[in-house]
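**Student:** Listed below, chain by chain, are the residues.
Protein chains: 2
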Amino acid sequence: MRLSTYFLPTLKETPAEAQIASHRLMLRAGMVRQSASGIYTWLPLGLRVLKNIERIVREEQNAAGAQELLMPTIQSADLWRESGRYDAYGKEMLRITDRHEREMLYGPTNEELITQIFRDNVRSYREMPKILYQIQWKFRDEVRPRFGVMRGREFLMKDCYSFAMDYEGAKKAYEVMFNAYLKTFKRMGLTAIPMAADSGAIGGSLSHEFHILAETGESGVFYDVAYDELAAKDEIDLETLSKLYAVTDEKHDSSAANCPPAERLKEARGIEVGHIFYLGTKYSKAMNAVVPGPGGETVLAEMGCYGIGVSRLMGAIIEAYHDDRGIKWPEAVAPFKVGLINLKAGDATCDKTCEDIYRSLSENGVEVLYDDRDDRAGVKFADMDLIGLPWQLVAGPKGLAVGVVELKNRLSGEKVELSVEAALARLTA
Amino acid sequence: MRLSTYFLPTLKETPAEAQIASHRLMLRAGMVRQSASGIYTWLPLGLRVLKNIERIVREEQNAAGAQELLMPTIQSADLWRESGRYDAYGKEMLRITDRHEREMLYGPTNEELITQIFRDNVRSYREMPKILYQIQWKFRDEVRPRFGVMRGREFLMKDCYSFAMDYEGAKKAYEVMFNAYLKTFKRMGLTAIPMAADSGAIGGSLSHEFHILAETGESGVFYDVAYDELAAKDEIDLETLSKLYAVTDEKHDSSAANCPPAERLKEARGIEVGHIFYLGTKYSKAMNAVVPGPGGETVLAEMGCYGIGVSRLMGAIIEAYHDDRGIKWPEAVAPFKVGLINLKAGDATCDKTCEDIYRSLSENGVEVLYDDRDDRAGVKFADMDLIGLPWQLVAGPKGLAVGVVELKNRLSGEKVELSVEAALARLTA
Chain A
2 MRLSTYFLPT LKETPAEAQI ASHRLMLRAG MVRQSASGIY TWLPLGLRVL
52 KNIERIVREE QNAAGAQELL MPTIQSADLW RESGRYDAYG KEMLRITDRH
102 EREMLYGPTN EELITQIFRD NVRSYREMPK ILYQIQWKFR DEVRPRFGVM
152 RGREFLMKDC YSFAMDYEGA KKAYEVMFNA YLKTFKRMGL TAIPMAADSG
202 AIGGSLSHEF HILAETGESG VFYDVAYDEL AAKDEIDLET LSKLYAVTDE
252 KHDSSAANCP PAERLKEARG IEVGHIFYLG TKYSKAMNAV VPGPGGETVL
302 AEMGCYGIGV SRLMGAIIEA YHDDRGIKWP EAVAPFKVGL INLKAGDATC
352 DKTCEDIYRS LSENGVEVLY DDRDDRAGVK FADMDLIGLP WQLVAGPKGL
402 AVGVVELKNR LSGEKVELSV EAALARLTA
Chain B
2 MRLSTYFLPT LKETPAEAQI ASHRLMLRAG MVRQSASGIY TWLPLGLRVL
52 KNIERIVREE QNAAGAQELL MPTIQSADLW RESGRYDAYG KEMLRITDRH
102 EREMLYGPTN EELITQIFRD NVRSYREMPK ILYQIQWKFR DEVRPRFGVM
152 RGREFLMKDC YSFAMDYEGA KKAYEVMFNA YLKTFKRMGL TAIPMAADSG
202 AIGGSLSHEF HILAETGESG VFYDVAYDEL AAKDEIDLET LSKLYAVTDE
252 KHDSSAANCP PAERLKEARG IEVGHIFYLG TKYSKAMNAV VPGPGGETVL
302 AEMGCYGIGV SRLMGAIIEA YHDDRGIKWP EAVAPFKVGL INLKAGDATC
352 DKTCEDIYRS LSENGVEVLY DDRDDRAGVK FADMDLIGLP WQLVAGPKGL
402 AVGVVELKNR LSGEKVELSV EAALARLTA
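Listed in order, the protein sequences are those of chains A and B.
Numbering-wise (my numbering), the first sequence opens with residue 2 and increments by one.
Numbering-wise (my numbering), the second sequence opens with residue 2 and increments by one.
Hints may contain errors.
In silico lysine-lysine, DSBU-like type, Cα no more than 35 Å apart, as pairs [unchecked claim]: (1) B/K345 - A/K52; (2) B/K283 - A/K13; (3) B/K173 - A/K345; (4) B/K139 - A/K353; (5) B/K244 - B/K172; (6) A/K283 - B/K52; (7) A/K139 - B/K52; (8) A/K286 - B/K13; (9) A/K338 - B/K187; (10) B/K338 - A/K187; (11) A/K92 - B/K92; (12) A/K172 - A/K187; (13) A/K234 - A/K52; (14) B/K184 - A/K338; (15) A/K338 - B/K244; (16) B/K173 - A/K173; (17) A/K353 - B/K173; (18) A/K173 - B/K52; (19) B/K13 - A/K173; (20) A/K416 - A/K187; (21) B/K13 - A/K283; (22) B/K244 - A/K184; (23) B/K184 - A/K52; (24) A/K173 - B/K338; (25) A/K52 - B/K244; (26) B/K139 - A/K283.
If you want the footprint, here are the derived chain B segments under chain A, 3+ residues with CB under 8 Å [to be verified]: (27) 7-17; (28) 109-118; (29) 131-139.
Beyond 10 Å from chain B on every Cβ pair, some chain A residues (computed) [to be verified]: (30) P45; (31) Q68; (32) K92; (33) G190; (34) S220; (35) S256.
Hints listed in this document are in silico derivations from the structure and should not be mistaken for laboratory results.
No experiment lies behind these values; they were computed from the predicted model shown.
We put the CB at the ideal spot given by N, CA and C, even for glycine.
If we strip away everything but chain A, and leave its shape as in the complex, we get (with noise of 0.2 Å):
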């Protein structure tokens, strides 16, 4: 993509309504645009790497052996009756009256219309267990939006529910969950410390939120430090994990049985991004959820319910990765993995050069951003500072010269000068 013709309206000011880094880090580098209170347009730059936050959890979710269908977004209110729900949810609940009167809702989470989906669907214990997911857009009517994406009203959240016909299949289940948010938040360079929660609005028993660590993160939190060991494995096997002490501030007991040692305890702060629950039989006796066992019997189905806030989760990564001029995007979810600096548009070498590594990358698949706009270097290097993308490449008159660009890491700020054939073997590698 050429910076030319690309819309990316960065802003040099510092958006005043702002009050955090990923707030004002997403309206300066114009991937976000407010159009209402807590509602927002994702632009270009912001969509791409919402795309790739969404594409890490939905293959995540499909190698848990999840699978994935859409929901409307708009549903029935008697749906909601039948758990008792639709009085009991209060004003965060959008209400939609619509032209012959019926009354609707636009889905602030989808426990009802999956159990529904179910009922009328699955006929045999034959066909279970079933772990179905969707990705798709939520409205809460929060009293005071704010903190941008972080809590804003009309959301991405991936959403899973899991059935099976008892206790130990849901728990399965749960594990199974459980493992897969551990993956999809290291995959995208964030460390997730799941944490024991009580299980809220939504019902259960069996219920962790995870928590990413950032500095600037809304909750502080308490945990062994054996989870930072833990941390590197791919697989927790529950046990393990039940033993461990981690819980946010409010919750946090010294002379709780399982906290460790002062030497042991590191406080930190973290910003939730996923719950997960184990919710039991509350949604399918409501609604009459059963299937037939092998025996003819009537069994209720064992469910439960796991969360990821994929358009906050844009937020919380960039709270754990930004410095004082910008974000610095982890490879996996950048909007693109190199930004190409022209230090001389126009100058015909440059531009040469330039044209030349353009296309040389994205013929290899790697995606660029290339900064051919005829500005000042002072401004480019401060957009694409601005912007984070993991890698610099740039091209002007003094280095070509001598036959070299210079290679920046946006992560740690390390510089190398190379031929264009190295950065270009580098970057492809």
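Given chain A, work out where chain B should sit, using these hints.
**Tutor:** Same frame as chain A, now just chain B:
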């Protein structure tokens, strides 16, 4: 994917509520389920097709130089008051009041919002022209939703908007999109006839509807036989096109100057799947979307808008490709390329051969749905014909005893017996 675990609730009976083939078949093939009037859940098989259609639309939009962004589904009523459409739109607009009594709406289209984004973020003629699009859910509160996803209330649409400095620029964008549409539909195996259309409620004076041909199409169309010759081409210039006759039956006039003689006039049935408009300055004027020109003068953006009904296309494709037994997917949009039928699950030879085929195809990037169920051959054949995968590969004890499997093409009905190796070679070619 193994059918024994796949969430694919096919139906033997034809649902009473479905009046047209695509609606019947999407329900019977387990692709969608209605959750409220005109509102559908996309089950895994249906979602796979929807994503394929979406991908082709996206690729052709990108190839045409359009840049993808994503607008929210919920918009502010005040924005629509700027264009005067909030009051004009009528009951098809789903109107919503949030918890703070602010008037909102579920976007039925996005001219106002994109014009606002353009107005707030494009600051110079040097950034022009811009073509921006999204693929996002829309809601139109149809008084009588029917025909399944063909006329639903919540639907997926690609909407694109062009902004230029003058009429010539707007016309150029229109032509680029026109040809992108022809390519898009052609890639899906469809014949699209562009018809000069009245521009209706959206406004403007240059406008084409794209109808794809299907015997069960909703509207009668009359067109010059020259279209069939043009359909083979990749690009059509508008000069040529504007002289050709193509209209829906209500506008047909055999005395029109460009109406061809009877022997060159074709009558067919079509389904509208796309619509493009030149908007002029209708919205930029109402919303003050101006760009400073080279001399500092204030220029109103010249706009165009370009829609494709993505979810509707699925119904349209099925209307064009089905028979009494089920769907016949064109390969480009098929949910899987190959349906592998194990005629005797449990038989050691059949199981081993099928597992080998399944692994080999999957490793070669061929998407396979493997019917590994312990069920009767008749059930398997009927389900596979119903869901309409382009290729059926059938392995049974009799054939394997003499070293052959059967390969059937769903579209042509052609069947051949061949060795496993030959079948794999053909499917991975």
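**Student:** State for each hint whether it applies.
**Tutor:** Checked hints:
This hinted pair does not check out: B/K345 and A/K52 have alpha carbons roughly 42 Å apart, beyond 35 Å. The hinted pair formed by B/K283 and A/K13 meets the criterion: a straight-line CA distance of about 32 Å does not exceed 35 Å. At most 35 Å may separate the alpha-carbon atoms for a hinted pair to count; B/K173 and A/K345 meet this at roughly 31 Å. Distance check on the hinted pair: B/K139 and A/K353 sit about 45 Å apart at the alpha-carbon level, beyond 35 Å; violated.
A C-alpha spacing of about 17 Å is found between B/K244 and B/K172, which places the hinted pair at or below 35 Å, so the restraint holds. The hinted pair formed by A/K283 and B/K52 meets the criterion: a straight-line CA distance of about 33 Å does not exceed 35 Å. Proximity of A/K139 to B/K52 is assessed by CA-CA distance (about 20 Å); at most 35 Å being required, the pair is judged to hold. Distance hint between A/K286 and B/K13 is fulfilled; the C-alpha atoms sit about 29 Å from each other, no more than 35 Å.
Using a Cα cut-off of 35 Å, the hinted pair A/K338 and B/K187 holds, with the two alpha carbons roughly 33 Å apart. Of the pairs offered as hints, the one joining B/K338 and A/K187 holds, with about 33 Å between alpha carbons and a cut-off of 35 Å not exceeded. About 25 Å separates the Cα atoms of A/K92 and B/K92, which keeps this hinted pair within 35 Å; it holds. As the CA atoms of A/K172 and A/K187 are separated by approximately 23 Å, the hinted pair is consistent with the 35 Å bound.
A hinted pair counts as satisfied when its Cα atoms are at most 35 Å apart, and A/K234 with A/K52 qualifies at roughly 26 Å. Of the pairs offered as hints, the one joining B/K184 and A/K338 holds, with about 30 Å between alpha carbons and a cut-off of 35 Å not exceeded. Proximity of A/K338 to B/K244 is assessed by CA-CA distance (about 47 Å); at most 35 Å being required, the pair is judged violated. With a C-alpha separation of about 58 Å, the suggested pair B/K173 and A/K173 falls outside the 35 Å cut-off, and the hint is violated.
For the proposed pair A/K353 and B/K173, the alpha carbon gap of about 29 Å is at most 35 Å, so the pair holds. Proposed proximity of A/K173 and B/K52 is supported: the alpha carbons are some 30 Å apart, at most 35 Å. Restraint check: the Cα-Cα separation between B/K13 and A/K173 comes to about 33 Å, which is no more than 35 Å; the hinted pair holds. As the CA atoms of A/K416 and A/K187 are separated by approximately 26 Å, the hinted pair is consistent with the 35 Å bound.
Taking the CA atoms of B/K13 and A/K283, the gap is about 32 Å. The hint holds against a cut of 35 Å. For the hint linking B/K244 to A/K184, the alpha-carbon distance of about 59 Å lies beyond 35 Å, and the restraint is violated. With a C-alpha separation of about 25 Å, the suggested pair B/K184 and A/K52 falls inside the 35 Å cut-off, and the hint holds. Taking the CA atoms of A/K173 and B/K338, the gap is near 32 Å; set against the 35 Å cutoff, the hint holds.
Among the hinted pairs, A/K52 with B/K244 is inconsistent with the structure: their alpha-carbon atoms are about 43 Å apart, more than 35 Å. Taking the CA atoms of B/K139 and A/K283, the gap is near 33 Å; set against the 35 Å cutoff, the hint holds. Only residues whose C-beta sits within less than 8 Å of a C-beta in chain A count toward coverage, and the segment 7-17 of chain B has 3 of them, enough to reach three; the restraint holds. Counting residues of the segment 109-118 of chain B whose beta carbon lies closer than 8 Å to any beta carbon of chain A gives 3, which meets the minimum of three for the stated coverage.
For the segment 131-139 of chain B, the proposed coverage by chain A is satisfied: 3 residues have a C-beta within less than 8 Å of a C-beta in that chain, meeting the threshold of three. Not every beta carbon of chain B lies more than 10 Å from that of A/P45, the smallest distance being close to 5 Å; the non-interface claim is violated. With 10 Å as the threshold on Cβ separation, the claim that A/Q68 sits away from chain B is violated: the shortest Cβ distance comes to roughly 5 Å. Non-interface status of A/K92 relative to chain B is broken: a Cβ of that chain comes within 10 Å, the nearest being about 5 Å off.
Every CB of chain B is more than 10 Å from the CB of A/G190 (nearest about 23 Å), matching its label as outside the interface. Distance check for A/S220 against chain B: the nearest CB is about 25 Å away, which clears 10 Å, and the non-interface claim stands. At the 10 Å boundary, the C-beta of A/S256 stays outside the reach of chain B, the nearest C-beta of that chain being 41 Å off.
Hint compliance for this structure: hints 1, 4, 15, 16, 22, 25, 30, 31 and 32 are broken, all remaining hints hold.
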